[in-house]
Amino acid sequence: MKFPFRALPAAGGGELTPRPVVDIALEGLPAAPIECLLDTGALRTRMSAELAPLAGIELADTLTEEFFVAGLRTVGTFARVNLTVTDGTEEYSWDAPVWFCDPWPHAFGLAGLEGFLQHFLVTVSAYNGYLEIEPQP
Amino acid sequence: MPTMTVSGHRYQLDRQVVEGALEGVLPEPIQEHFVVINGRRWPPKQVLGLVTGLDRADFTTHQARRALTRLGFSAARATNSREQHTPAAGRITSSGSASGGTDSRSRPLVEALRPFIGLWVAVRGDEVLVAAPSPKDVVAWLAQHGQHAQSMFRVPESEQAIAGAAPQ
Chain A
1 MKFPFRALPA AGGGELTPRP VVDIALEGLP AAPIECLLDT GALRTRMSAE
51 LAPLAGIELA DTLTEEFFVA GLRTVGTFAR VNLTVTDGTE EYSWDAPVWF
101 CDPWPHAFGL AGLEGFLQHF LVTVSAYNGY LEIEPQP
Chain U
1001 MPTMTVSGHR YQLDRQVVEG ALEGVLPEPI QEHFVVINGR RWPPKQVLGL
1051 VTGLDRADFT THQARRALTR LGFSAARATN SREQHTPAAG RITSSGSASG
1101 GTDSRSRPLV EALRPFIGLW VAVRGDEVLV AAPSPKDVVA WLAQHGQHAQ
1151 SMFRVPESEQ AIAGAAPQ
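Those sequence lines, one after another, are chains A and U. Heads up, the first sequence is in the working numbering, so the first residue is 1 and it goes up one at a time. Heads up, the second sequence is in the working numbering, so the first residue is 1001 and it goes up one at a time.
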């Protein structure tokens, strides 16, 4: 599955540098896949905690960790969830650990090693402006 | 303030009245016609129904569109959005060229997102389905209208919001 880098508007005009993103659907929230930035330097896959209840994911009585993201101290809560990616033709689902974080400063999720990169052969071509993922058995 | 008659009732309306009536309301899906108010596309019947309190069965789309264009709002007919904006339309061809990627074809989405900087959006292809202050509002709108988005995210306020600088 290939995904073009996504460009976004800049507040001052023009557009922000296009980024490698993949839209990941949480089980329970198939109608609104979450835009996630591919982060090869991240150990975890992280999303905003406000998304968990929208997908019916209960975060009580589970593992948590404190850490800093973008210079902000936050708390991540662990959940094992089923994730799905699709390019409109192909679709792939897998079971993965996701850390739901509160507060969460980013405008998107982060697709890191655990939960995402370990499940795919990933090719990033910034020159051509696309990200390609191939599920690994 | 202009006076107009809709379905036998007389109303005094101007742009401010219309814009005020839409505060806190999310636009419904565009079927064919739309009017542009505050940088967003609205179904004409939804707008006139909100402004007048009339049942939408009491007037036609064309009557609503005519009334709103008389107030100075631009109106247009949507292109065949369902064909253009399905998830598959954003795919990359097997040749490896990035359709909708960093070339000029990416710009329609950039421009469509520009009015919604700082808001959560649901997009499908180059179409912004809904923009709202929270993901909860976006998901509720998708469920209410039976819509399926390609992606949901907050349109970042700045490059720093993407690059990882600490929020102040």
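These aren't lab readings, by the way, just hints derived from the structure by calculation. Ideal placement from N, C-alpha and C gives every residue a C-beta, glycine not left out. Misleading hints may appear alongside valid ones.
Claimed, not checked - Estimated spans, in silico, between C-beta atoms of each pair:
id: 1; chain 1: A; residue 1: 114; chain 2: U; residue 2: 1158; range: 54 to 62 Å
id: 2; chain 1: A; residue 1: 56; chain 2: U; residue 2: 1003; range: 29 to 37 Å
id: 3; chain 1: A; residue 1: 125; chain 2: U; residue 2: 1001; range: 30 to 38 Å
id: 4; chain 1: A; residue 1: 135; chain 2: U; residue 2: 1147; range: 48 to 56 Å
To be verified - Some chain U residues flagged as far from chain A (calculated, every beta-carbon gap over 12 Å):
id: 5; residue: 1027
id: 6; residue: 1033
id: 7; residue: 1037
id: 8; residue: 1054
id: 9; residue: 1056
id: 10; residue: 1062
id: 11; residue: 1071
id: 12; residue: 1110
id: 13; residue: 1134
id: 14; residue: 1143
id: 15; residue: 1151
id: 16; residue: 1157
Stated by the list, open to error - These stretches of chain A come out as covered by chain U in the derived footprint (C-beta under 8 Å, 3 or more residues):
id: 17; stretch: 56-63
id: 18; stretch: 72-78
We went through each hint and held it up to the structure:
Between residue 114(A) and residue 1158(U) the beta carbons are some 29 Å apart, a value that contradicts the proposed interval 54 to 62 Å. As the Cβ distance of residue 56(A) to residue 1003(U) is approximately 51 Å, the hint placing it in 29 to 37 Å is violated. Range check, residue 125(A) to residue 1001(U): about 57 Å between beta-carbon atoms, so the 30 to 38 Å window is missed. For the pair residue 135(A) and residue 1147(U), the supplied restraint of 48 to 56 Å is violated, since their beta-carbon distance comes to about 27 Å.
Every CB of chain A lies more than 12 Å from the CB of residue 1027(U), the least distance being 17 Å, so the non-interface label holds. Against chain A, the non-interface label of residue 1033(U) holds: every CB pair exceeds 12 Å, the least being about 25 Å. For residue 1037(U), the non-interface assignment is confirmed: its Cβ lies about 20 Å from the closest Cβ of chain A, beyond the 12 Å cut-off. Non-interface status of residue 1054(U) relative to chain A is upheld: no Cβ of that chain comes within 12 Å, the nearest being about 31 Å off.
Look at residue 1056(U): its CB is around 25 Å from the nearest CB on chain A, clear of 12 Å, so calling it non-interface holds up. Every beta carbon of chain A lies more than 12 Å from that of residue 1062(U), the smallest distance being close to 32 Å; the non-interface claim holds. In this structure residue 1071(U) is separated from chain A by more than 12 Å, as the shortest Cβ-Cβ distance comes to about 28 Å. Consistency note on residue 1110(U): stated as away from chain A, yet its beta-carbon is not over 12 Å from all of that chain's, at 5 Å minimum.
Listed as outside the interface, residue 1134(U) is inconsistent with that label: its C-beta sits roughly 7 Å from the nearest C-beta of chain A, within the 12 Å cut-off. Once the 12 Å rule is applied to beta carbons, residue 1143(U) is inconsistent with being away from chain A; the minimum gap is 7 Å. A Cβ of chain A approaches the Cβ of residue 1151(U) within 12 Å, the least distance being about 4 Å, so the stated non-interface status is violated. Residue placement check: residue 1157(U) does not keep its beta carbon more than 12 Å from all beta carbons of chain A (closest about 6 Å).
Counting residues of the stretch 56-63 of chain A whose C-beta lies closer than 8 Å to any C-beta of chain U gives 0; at least three are required, and the coverage claim is violated. Counting residues of the stretch 72-78 of chain A whose C-beta lies closer than 8 Å to any C-beta of chain U gives 1; at least three are required, and the coverage claim is violated.
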